[in-house]
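Since the structure of chain A is already known, use the hints to place chain B on it.
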Amino acid sequence: MTKADIVEKIYEKVGFSKKDSAELVELVFDIIKGTLETGDKIKIAGFGNFVVKDKADRRGRNPQTGEEITITARKILTFKPSQVLKASLNAE
Amino acid sequence: MTKSELVDKLAEKNGSLTRKESETIVNLIFDSMGDALRCGEKVEIRGFGSFTVRERGAREARNPKSGEIVDIPAKKVPFFKTGKELRERVDAA
Numbered sequence: 002m003t004k005a006d007i008v009e010k011i012y013e014k015v016g017f018s019k020k021d022s023a024e025l026v027e028l029v030f031d032i033i034k035g036t037l038e039t040g041d042k043i044k045i046a047g048f049g050n051f052v053v054k055d056k057a058d059r060r061g062r063n064p065q066t067g068e069e070i071t072i073t074a075r076k077i078l079t080f081k082p083s084q085v086l087k088a089s090l091n092a093e
Numbered sequence: 809m810t811k812s813e814l815v816d817k818l819a820e821k822n823g824s825l826t827r828k829e830s831e832t833i834v835n836l837i838f839d840s841m842g843d844a845l846r847c848g849e850k851v852e853i854r855g856f857g858s859f860t861v862r863e864r865g866a867r868e869a870r871n872p873k874s875g876e877i878v879d880i881p882a883k884k885v886p887f888f889k890t891g892k893e894l895r896e897r898v899d900a901a
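For the record, the sequence lines run as chains A and B.
Per the numbering used here, numbering through the first sequence is continuous, rising by one, with the last residue being 93.
Per the numbering used here, numbering through the second sequence is continuous, rising by one, with the last residue being 901.
Please note: incorrect hints may appear among the correct ones.
[Said to hold, decoys possible] EDC-like, lysine to aspartate or glutamate: derived pairs with alpha carbons at most 20 Å apart:
(1) B:Lys892 <-> A:Asp21
(2) A:Lys4 <-> A:Asp21
(3) B:Lys892 <-> A:Asp31
(4) A:Lys44 <-> B:Glu813
(5) B:Lys821 <-> A:Glu69
(6) B:Lys889 <-> B:Glu852
(7) B:Lys817 <-> A:Asp41
(8) A:Lys14 <-> B:Asp843
(9) A:Lys14 <-> B:Glu829
(10) A:Lys20 <-> B:Glu829
(11) A:Lys87 <-> B:Glu863
(12) A:Lys42 <-> A:Glu27
(13) A:Lys56 <-> B:Glu896
(14) A:Lys4 <-> B:Glu893
(15) B:Lys828 <-> A:Glu27
(16) A:Lys10 <-> B:Glu852
(17) A:Lys10 <-> A:Glu27
(18) A:Lys10 <-> B:Asp843
(19) A:Lys20 <-> A:Asp6
These are computed hints drawn from the structure, not numbers from a lab.
Just chain A, same shape as in the assembly (with noise of 0.2 Å):
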């Protein structure tokens, strides 16, 4: 599934025209990317979390060569899956 899958669903459900669901879709995508941005989190109900974490610096090792460098500390997005999306995996 991807975006065009979505827009097709709000077309279809909502009757919106397509050039209008397709920039909805856009739309909601770039406020979540926006605000995640800002270090904000989201919270989608019966979907899960998406939050920015912290990661210090830590050493690794470039396996082809075995040399040891330093992984810079950042900020990663991590997804946390609702316990209802879950579920709703394992459902049968």
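Chain B alone, transformed into the frame defined by chain A:
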């Protein structure tokens, strides 16, 4: 930001949308992504990231309180890989 705040923000940014319509759109987006994952399908959102379903094998674990060994059955878990654009934007901030 919660889902309801996202709904508010979407309605605010797109003036011709009612709050009710905004809520329908946001719900539809996440419901359809959940449905795809429930079908075992991959969800790929360009510029954002991709969701896949990973299989976790059955394993034995121990109840830390009683020390009792319990069998944990195989299960499926959702997995998110951040897209390049978003990964860079989050780290740059």
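Cross-check of the supplied hints:
no.	hint	verdict
1	B:Lys892 <-> A:Asp21	26 Å, violated
2	A:Lys4 <-> A:Asp21	13 Å, holds
3	B:Lys892 <-> A:Asp31	15 Å, holds
4	A:Lys44 <-> B:Glu813	10 Å, holds
5	B:Lys821 <-> A:Glu69	48 Å, violated
6	B:Lys889 <-> B:Glu852	10 Å, holds
7	B:Lys817 <-> A:Asp41	14 Å, holds
8	A:Lys14 <-> B:Asp843	15 Å, holds
9	A:Lys14 <-> B:Glu829	11 Å, holds
10	A:Lys20 <-> B:Glu829	16 Å, holds
11	A:Lys87 <-> B:Glu863	12 Å, holds
12	A:Lys42 <-> A:Glu27	19 Å, holds
13	A:Lys56 <-> B:Glu896	14 Å, holds
14	A:Lys4 <-> B:Glu893	16 Å, holds
15	B:Lys828 <-> A:Glu27	19 Å, holds
16	A:Lys10 <-> B:Glu852	15 Å, holds
17	A:Lys10 <-> A:Glu27	14 Å, holds
18	A:Lys10 <-> B:Asp843	12 Å, holds
19	A:Lys20 <-> A:Asp6	13 Å, holds
When held up to the earlier numbered hints, the structure conflicts with 1, 5 and fits the remainder.
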